[in-house]
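Enquirer: Given next are the chains, with one letter for each unit.
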Amino acid sequence: MSEMQDLDELRELLQGKAESLPPAGPAPRPMLRRARRRVAATVTTGLLVLAAAAFGSYAGITALADRPLRQGPAGRSPTPSVGVSAPSPSGSPVPPLLRVCAADDLTGQAELNGAAGSQVGSLRFLVSWDTQCSLTGRPTVSLVAPDGSTISIQTTDADPWWKMNAQPEPAGWPTTVVSKSASSVIRFRWSNGCGVPQGSHWSVQLRISGSSVAIPVGDIPGCNGPGSPITIEVGPFEPGSDATP
Amino acid sequence: MLSTTVEVREEEEGGRLGTLYRRHADRAIRLAYLLTGDRGLAEDLVQDAFVKLARRLAHLRDPDAFDAYLRRTVVNLANSHFRRKRLERAYVERLKQAPSPEVEADDPGMRDDLWRRLQALPERQRAALILRFYEDLSEQRIADVLGCRPGTVKSLLSRGLERLRGGMRGE
Chain A
2 MSEMQDLDEL RELLQGKAES LPPAGPAPRP MLRRARRRVA ATVTTGLLVL
52 AAAAFGSYAG ITALADRPLR QGPAGRSPTP SVGVSAPSPS GSPVPPLLRV
102 CAADDLTGQA ELNGAAGSQV GSLRFLVSWD TQCSLTGRPT VSLVAPDGST
152 ISIQTTDADP WWKMNAQPEP AGWPTTVVSK SASSVIRFRW SNGCGVPQGS
202 HWSVQLRISG SSVAIPVGDI PGCNGPGSPI TIEVGPFEPG SDATP
Chain B
425 MLSTTVEVRE EEEGGRLGTL YRRHADRAIR LAYLLTGDRG LAEDLVQDAF
475 VKLARRLAHL RDPDAFDAYL RRTVVNLANS HFRRKRLERA YVERLKQAPS
525 PEVEADDPGM RDDLWRRLQA LPERQRAALI LRFYEDLSEQ RIADVLGCRP
575 GTVKSLLSRG LERLRGGMRG E
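Sequences listed follow chains A and B, in order.
Here the first sequence is numbered in my numbering, starting from 2 and rising by one per residue.
Here the second sequence is numbered in my numbering, starting from 425 and rising by one per residue.
Please keep in mind that the hints were generated in silico from the structure rather than gathered at the bench.
Among the hints, a few may not be true.
One side only, chain A facing chain B, incomplete, derived with CB under 7 Å [unchecked claim]: (1) R12; (2) A19; (3) P24; (4) A25; (5) R35; (6) R39; (7) T43.
Here the structure is a predicted model, which means the values were calculated and not measured.
All residues carry an ideal CB built from backbone N, CA and C; glycine is no exception.
Just chain A, with the same shape it has in the complex (with noise of 0.2 Å):
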């Protein structure tokens, strides 16, 4: 047998065969119920990876921006920086990538003048080691009572001082620069004291790093009746060097 002859058999076995079996039909429905299924399950996943993705981005710059960029003295863990780009209450340049203040990194303290029913004044921000970050924006306040319940308030939003005294926009408002030598403020207020007790204290969350700091409240106002909400007013961040009354 030839060569040719062997592929022409192969060829025609094969035409045979294949020919031999009768239309497909129309697509089995429970394939088309697998397919489905499949696709489903392909853009479940694909769905549920990126929402995992998003929630680890998100977890992971939070994580960041509580993590130590450089080791701080006496184990500090200050955050890393977020390209924040801001000059000095004074105006001097500072660096271009300035991080975000910790929690970790910040001491406040509460300096209040009172009134009858109400306290003003500012809640002041200083750095409690050798550092220099930023502080933006405002702050979310709330009050926390010794045994770590969270007294219920109303909070309102202030202008800063610098507006209510009609000065000029501090240099690189609203981003502040928190260093050994220039604290930072918010202009608080704080009316109606009524059975909040002794030893609470105010908890100032920062926006970008999420952390609090924890400020004593001091003296307590008095109570306006009881009935009538516990008041705050709160300010954005701004400098504090000159800027308070």
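Starting from the known structure of chain A, fit chain B onto it as the hints suggest.
Expert: Quick look at chain B alone, frame taken from chain A:
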């Protein structure tokens, strides 16, 4: 050949898959049958291939490439089937210490000596011969389907034909 133009239409995936099945299934089942020698298995493999390809339909940039994807998927699934079957056979043989037949005894192809010998070839040799002499693919395209070099395809074809001829001469 499996080549047909696939119109990409804005249809539900199931509907689109159904259309593709009507256009391509016949050819694909025949290819799978030649590869496996079993009609039922061929239909199962082709359905599996369509299910596998369903999730890629949305990303199929070149609709004309569908038949190439389908062909490759059918060949891969057939190879996977034979791998699985080899493992199962080895396991059963260990248990029973008796060889199992190469091809199902009730397969009508058993009547034909050449067909039987084709089915008895190693699967890559058989696939290369079927793609060459049934699908009329070039060695380069066979190499693409089998995931090997054209030189390997040449060797697979040569050895496969040699074994077939040996059988036909009463080896």
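Enquirer: Each hint needs a verdict: does it hold in this structure or not?
Expert: Cross-check of the supplied hints:
1. R12: This interface hint holds because 5 Å falls under the 7 Å limit.
2. A19: Constraint on A19(A) satisfied, holds at 4 Å.
3. P24: Holds, because the Cβ-Cβ distance from P24(A) to chain B comes to roughly 6 Å (cut-off 7 Å).
4. A25: Holds: closest Cβ of chain B sits about 4 Å from A25(A), inside 7 Å.
5. R35: Constraint on R35(A) satisfied, holds at 5 Å.
6. R39: holds (6 Å)
7. T43: holds (4 Å)
Comparing the model with each earlier hint shows no violations; every hint is respected.
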